[in-house]
Amino acid sequence: MFDVNIATVLILSLLVMVALGVHIAIALGMTSALGIFLITGGNFDVVIAMLGSTAYESLRAYEFAVIPLFMLMGEFIGKSGAVTDVYQAIHRGLKRIPGRLAVATLLGNAIFSFVTGVSIASAAAFSRIAYPEMKKFGYNRGFALGTVAGSSCLGMLIPPSVLMIVWGLLTERSIGQIFLAGVFPGLLLVSLFVIYVLATAILRPNLVGATSPPIETKILPEDSSPDASTTQVWGSALGITFVVVAVLGGIWFGIFTPTEGAGAGAFIGLVMAIAKGMRTREIIDAILSVGRTSAPILLLLVSAALYSRTLAMTGVSTAIQDTFLGTDMLPWMIIAAMVGIWFLLGMVIDSISIMLLTVTIFEPIAVSLGYDPIAFAIIGILAIEAGLLTPPFGLLVYTVKAAIQDDDDSISVMEIFRSSTPYWIIMLTGMIAIASYPKIATYLPDLIF
Amino acid sequence: MLMVLAAGWAFFLTFIIITDVIGRTVFNTPIYGVPEIVMNSIVMIVFLQAGYAIRSGSMLRANFLAKNFPPSISRFVLTLGYLLGAIFFLMILFGSWDSAIHAWVAGEYEGEGALRVPAWPTRFTILFGSLIATISYLLMAYIEIFKPSQVDAEAELKAKSDNAA
Amino acid sequence: STAQADRIMLRIATGHPPGVVYAGLMKDYFQTELKNRVESRTEHTVNFIEGYSGSIVRTSETLEGVQNGIVDIGGFCYCFEPSNLPLHAFQVMLPFGTMDPTVSLSIAQEVYREVPFLTEVFEQQFNQKLLARIADAGYNLVTSFDWSTIEDLEGVKIAGAGLNLNWLRYAGVTPVQAALPEAYTGLRTRVYEGWVVFPSAVVQLKLYEPSPYYTMIGFGSMTWHGLTINLDTWNRLPADFQEILLEVSSDFEQRTGSNNLERYSNDVATIDELITVNKLSPEVRRQWAESLRDWPREMAAELDAQGLPGTQVLETTLNSAEKHGYIWPVRYQL
Ligand code: NA
Ligand code: NA
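Protein chains in written order, with the working numbering: chain H, 1 to 449; chain X, 450 to 614; chain D, 615 to 948.
Be aware that one or more of the hints could be misleading.
[Said to hold, decoys possible] So the derived label-pair ranges between C-beta atoms look like this:
id	chain 1	residue 1	chain 2	residue 2	range
1	X	529	H	5	37 to 45 Å
2	H	418	X	475	37 to 45 Å
3	X	464	D	918	37 to 45 Å
4	X	506	D	853	33 to 41 Å
[Said to hold, decoys possible] Computed cross-link-like contacts, SDA-like style, restricted to lysine to any residue with a CA-CA straight-line distance of at most 25 Å:
id	chain 1	residue 1	chain 2	residue 2
5	H	79	X	505
6	D	820	D	668
7	H	79	H	235
8	H	79	H	322
9	D	641	D	657
10	H	79	X	454
11	D	820	H	370
12	H	439	H	194
13	H	79	X	452
14	H	79	X	506
15	X	516	H	370
16	H	95	H	231
17	H	135	H	437
18	D	649	H	322
19	D	820	D	854
20	H	276	X	506
21	D	641	H	170
22	H	135	H	410
23	H	439	D	649
If you're looking for bench data, these hints aren't it; they were derived computationally from the structure. Even for Gly, the Cβ is constructed at its ideal location relative to N, Cα and C.
Extracted from the complex, chain H is given alone in its bound form:
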């Protein structure tokens, strides 16, 4: 039904452009243009008509507003200082726990993950908040930064998350359901991360600074930040709790759709930011910064829509699916192959680009193999997110490295990669757990929807 030569040309040209470092949105868009040109027998009018129509139609859905609005919420709350407060509150609460700074980092990041949908935001914030503290108490620097990088993955794995939103938009599945499906797997990962840190603290106490005394012994961490009063800390903790309850609860109980939840979240975030004394200038900066990060993602979505339409127009997507399904491979082997491809891509390109390149092809295959589409969304997001910790491109590791660059540039990226490996393995374990027991993901959404 389709021309093998066209399919080959399309896949090759896309790979070559991506590899040469052409902007992914452009690589997708130009490949699509080429594909339409070839399939229509060289009709350039149809090519530009398709481009124009897709530019107008592909983002014209209420759900796309979710992306900038949730990012706005995360930005407001992140910049308001509320996160630092909560980190310190947890830190104070865990007096006798071994490796408590690392545990506080994990838990703080987990809570922060409920309000931010972008892992990089978590990584940047916690590199500055948690790393100096851990360094002060003689933690192994690699271990400390690995913990920051690893726990920052939670930003995408605990709802709301840009990856979940994009997945929902690409597959036309309910974003609300995917959010709810992410709750238990997220908590599972947090628990496994904490167990890992506690085990490390007990088995290898030198990594958490137990053998060497704190460098500044006189200053206890409680006193190290005189600017955060108990009231402030409680205020921040309550504020973040309120956002989580209002947004997720609102979506859960059907008071609003994900788009409205995101709008409400951004609004509450703004109120919190003002309450925490954020100035007009800082608020404007936050809004601009969201513009800078959300526009490229939305443009990528335009190209992705174009690309998936081209695949449909050329019949390539059906052909790839038939090939996958026509082999003698067992269902789990096909899923393993997909995960393998995601890992490989995760080494070289970012999570959202990976989704745009693969999800519209992979998801129908998984569904026709009998996998639950919502559980598969979580499996996919875990696999793709794990790529953020794998060398050589692992974005989170570079973010962490960049965030501490000014204070401490003696630590190598490879060292951070090495210390992130346990977190990466835990995520893989979580993924296998969900593949074996999809109920972990689907229990909550099934309860509601």
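For chain H, the structure is supplied; the task is to place chains X and D with the ligands on it using the hints.
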């Protein structure tokens, strides 16, 4: 400037949506046409931000291979990529032209039954945004070819930080 | 290519999934019949690239997609073309018409015969040829609560899509603009408490779970979808192929009526086993129609003002329905 306008607009959507939610849940009176306004706004915001996203280097790309190229090849490949970008947005511009004119002449609108949102502002914003994006890519290509000193300085800076890593 | 044996490839698309009756008929009837008849009666072969569920064009861009040649053949609802094809929704402007899709289709066929503009506009303005009109099953109301009089619905939020929101507004209902794919969640979460839908959607989207009351209100069956082919594609096709294409299209058109009629009673029976199905008293239906008495005239005047034969089309529809033996609950005056 466009960036500021677009980002502020995105921020403003928050309030429209909140008003609608409150109107619907508290006063039982949804505001007509909020979904229509929001979805057209998103398209306009994105196309207004495209030029800035391109010039500020925020567009996502893979540099695992390109960063190991010798400078001259690297510059050639980058320029090629920017030119492809310019062509892409130019094609969107041409492809949107007829529809934009039609939307204006025929008074095309979306959202029957609720609020009738005219289509021409969105369609013209796509035209305008694509034009800015095309120019931005051409500008990037120009800088890459004719202002190598600037690029080299940046590359040197980056190489330094990579070495440190 | 020789005129004797062409290998024809057609891109056929719609924004709806094959689960929707007409889209299913496009895939399972139109495509199959066309292929069988062409390949048994001519030397040509025909193959399709399918774009269902909006995988190539969305519901709101199918007209434009066919116009531009992105797809060759497209099926779409005129509800998504309020500014390009406002007149083609004429049956919606006359609510409480016949609930029989075959009758709705005959009425539409007669109106199209009387008013050639309805057919010609596709070729003159949108570079495509109308192959078939498509009838839909009759609309009723699914709600989350039981009701029996219009007063029960006063101020209640009920969802609909497009022009038929006006059926609600005039009766004092609070209309909510929504899309069918989100109906289940919307009803479940009480964003609205009812939907104006035909029975197949209630069954397919499981709307009976959140909303266990289906009221046979009888808003009417609408023939307001179309199947069109890009004019350049059409002109390129061999004459013998064109002939068969028209023949299959005509059979497909009749099928949309008969198939929807059959599906309607089956779906209502299915719903009846699952939830409460209420038959609204003719008096309440008359009252509701009464509340809408002025609307058709307003719509006709608006269309006339745009230079379209609005009054003529609505008047022909009213008369044609009566010729088919249909008695309007309220005879709208234009
Ligand atoms: Na999150
Ligand atoms: Na969706």
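How the hints compare with the structure:
| no. | hint | result |
| --- | --- | --- |
| 1 | X:529 / H:5: 37 to 45 Å | violated, 24 Å |
| 2 | H:418 / X:475: 37 to 45 Å | violated, 54 Å |
| 3 | X:464 / D:918: 37 to 45 Å | holds, 40 Å |
| 4 | X:506 / D:853: 33 to 41 Å | violated, 57 Å |
| 5 | H:79 / X:505 | holds, 22 Å |
| 6 | D:820 / D:668 | holds, 21 Å |
| 7 | H:79 / H:235 | holds, 15 Å |
| 8 | H:79 / H:322 | violated, 48 Å |
| 9 | D:641 / D:657 | holds, 23 Å |
| 10 | H:79 / X:454 | holds, 22 Å |
| 11 | D:820 / H:370 | holds, 21 Å |
| 12 | H:439 / H:194 | holds, 23 Å |
| 13 | H:79 / X:452 | holds, 21 Å |
| 14 | H:79 / X:506 | holds, 23 Å |
| 15 | X:516 / H:370 | violated, 42 Å |
| 16 | H:95 / H:231 | holds, 20 Å |
| 17 | H:135 / H:437 | violated, 39 Å |
| 18 | D:649 / H:322 | holds, 22 Å |
| 19 | D:820 / D:854 | violated, 44 Å |
| 20 | H:276 / X:506 | violated, 32 Å |
| 21 | D:641 / H:170 | holds, 24 Å |
| 22 | H:135 / H:410 | holds, 13 Å |
| 23 | H:439 / D:649 | violated, 45 Å |
In this structure, the earlier hints numbered 1, 2, 4, 8, 15, 17, 19, 20 and 23 are contradicted, and the remaining ones agree with it.
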